[in-house]
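K.L.:
Protein chains in written order, with this note's numbering: chain A, 1 to 102; chain B, 103 to 271; chain C, 272 to 673.
Don't take each hint at face value.
Said to hold, decoys possible - Which residues of chain B face chain A? A partial, calculated answer using Cβ under 7 angstroms: (1) ALA122; (2) VAL124; (3) THR127; (4) GLY154; (5) ASN191; (6) LEU208; (7) TRP210; (8) GLY214; (9) VAL246.
Said to hold, decoys possible - If you want the footprint, here are the derived chain A segments under chain B, 3+ residues with CB under 8 angstroms: (10) 11-17; (11) 24-35; (12) 63-72.
As the list claims (entries may be wrong) - Coverage of chain B stretches by chain A, computed from C-beta distances (three or more under 8 angstroms per stretch; other residues unrestricted): (13) 164-175; (14) 216-224.
Please keep in mind that the hints were generated in silico from the structure rather than gathered at the bench.
The beta-carbon is built from N, C-alpha and C at its ideal position, and this holds for glycine as well.
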Amino acid sequence: MIPLSYFLVFAAALFSIGLYGVLARRNAIAILMGVELMLNAVNINLVAFWRYITPTQIAGQAFAVMVFAVAAAEVAVGLALVISIYRRRNTVVADDIDLLKF
Amino acid sequence: MTALQIIFLITAVITLGAAAMVVITRNLVHAALWLIMTFFGISVLYVLLNAGFLAVAQVVIYIGAISILMIFAIMLTRRVQQDFGPQTNAAWPWALVIAAALFGGLIWIFSGWGNFFTQAPVMGERADPLRQLGMALVSPEQYVIPFEVASVMLTAALIGAIMVAWERK
Amino acid sequence: MGDPITAISLWLDGLLAGWGLAPALIIVIKALLGVGALATAVLLVDIFLVWVERKVVARFQDRLGPNRLGPFGLIQPFADVIKLLIKEDITPVGADRIVYNLAPIMALATVLLLWAVIPLAPTVVGTDVNVGVLYIVGVGALGTLGIIMAGWASNNKYALIGAFRTVAQMVSYEVPMVIALLVPVLLARSMGINSIVNAQDSYWFILVAPIAFLLTLITSIAELGRAPFDLVEAESEIVAGFHIEYTGMKFGLFYAGELLHALTLSGIVASLFLGGWRGPGAESFPLLGIVYFFAKAFFLYWVIMWVKYSLPRIRIDQMLNLNWKFLTPLSLVVLVVTALLDKALVGVQPWVYVLVLLAANLVIAWVTLQILRSRARKERQRVAEPRPIARPPAAPVSSQGA
């Protein structure tokens, strides 16, 4: 059988990769991809804790479903923002999106 | 090494490799395709965790909706995607250091935890996580409020996304 | 000859155990053999589908169709396959090679994946997933992905437009499709396809959910990208859409995938609404169940072809209007009404249940038609009004030579 440690190490690695993507990428859509990786890592942890620590309570899966909903909403609004900014300023590079600096 | 462990390791290596390609590759459409591969690997891990519903929901939501929306957005911003300047910002070494430090710190914290190497308890024959999840999401004693709030949030996101991306003529 | 499939399975058990293999390994080997057999059988049916398609379209267009090779032209599809195999294999300049070659495989493989959850007979089920309906939706999304990959990797503007249209069409038609699929899930109280078929032992779900059946069929045709929803590959607008650059067998894979997808979705709709393998005597002779299943699937396949060759292609704005202003609200109404009536009718006789739900569906259909009629009247008035452009000139211009 697989010990819990496998899943936790995997999720930690995935979260770190996502964090690197969020911090290092210039393209706003690529940053969103990094955020998705991080959310997925959190989900793996939630489900793994449900399966290994509290299999009788469904809390882990229920929260994973909530994370799904949040991720879908985040991507919809995030991509709408990216496309809107692209229309106005013709860029999707996060460093160039400095509208507050007018 | 049991068969399950081998399956887990193969899936984990492929998934992490794909995730690394997501943040490394220069071509954004390729990054999106690698992202889909990552999601698929995570879906396999859900199956290994006896969460079949989440595995299929992962494919429907992440691959069917989120990734396809991302590819759509990448194609709409195609002019930018074609300029092959640096895809990372100036501070990328710091990002690498922070990510590595976070990974090390997490492992360090986990390794001191008593349950780190715990094995999965056996699922009973009569256990039905799918029914349990369905009941939990609509039961007033459990998660009906978060569930409804999530629905309202999705509606708000739907309207918000339409408003933000509306092309005013 | 009660059940040859179970007999073969037991014989394999005995044979492999006789070779001294571990029980776990026997399960794996049997699963692999089953997958291989099912995929091969389905692909053989696919070759036959080419012939069916050509014959039926010929009849719709008052022609004879292929009739030279073999009896009734039955050898024609093999000639088609050979022709595709010996054509030149072209990869366009600037194409993304890996994605370009992966896309046709995705298109066909995702269709084959769907057969894993369809129960062909009481004893012939690939795997009884308890989230089967959701699995179908998820695999459908993967098929969309194959088309997008093809459109993007071809490095061709028409292909890219085709991919864009695919996203707009398939992502939006998924919404009413999922809501309509929830109706049989609600009636059977399970998401597993096998349980849904088992729940239809006294009556088929088309009796209690005819509107949901029609909605599923319409959205399935839209998912397929077949006429009247074939904007994805509209020949007269974007040449061939996403598969414009594909030649030879790569195109063949797309073509085979499309035909097989149509049959697969017909089979799924037949399982969800027409009772799947159910029919007289299917319980005791499982092979009869396969015959019933394919009879129902091919009937729906013929309906899809009938629609395809009878209706003209709709415009993209009409396609999105139909989805968001008609199918989605209607599917929501049907789902809510079905759920409320199902809750109110707990413990009544089955025939009362069927009659009340059928009556409710007919009322919804009548109201929908009334609304559509008044809309159509307004639309006709709007179109009939004189248009601001292209009016005759106010005064006749005198000619030069007079």
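K.L.:
Could you check the structure against the hints above and give me the numbers of any it violates, in ascending order?
P.N.:
3, 4, 7, 8 and 9
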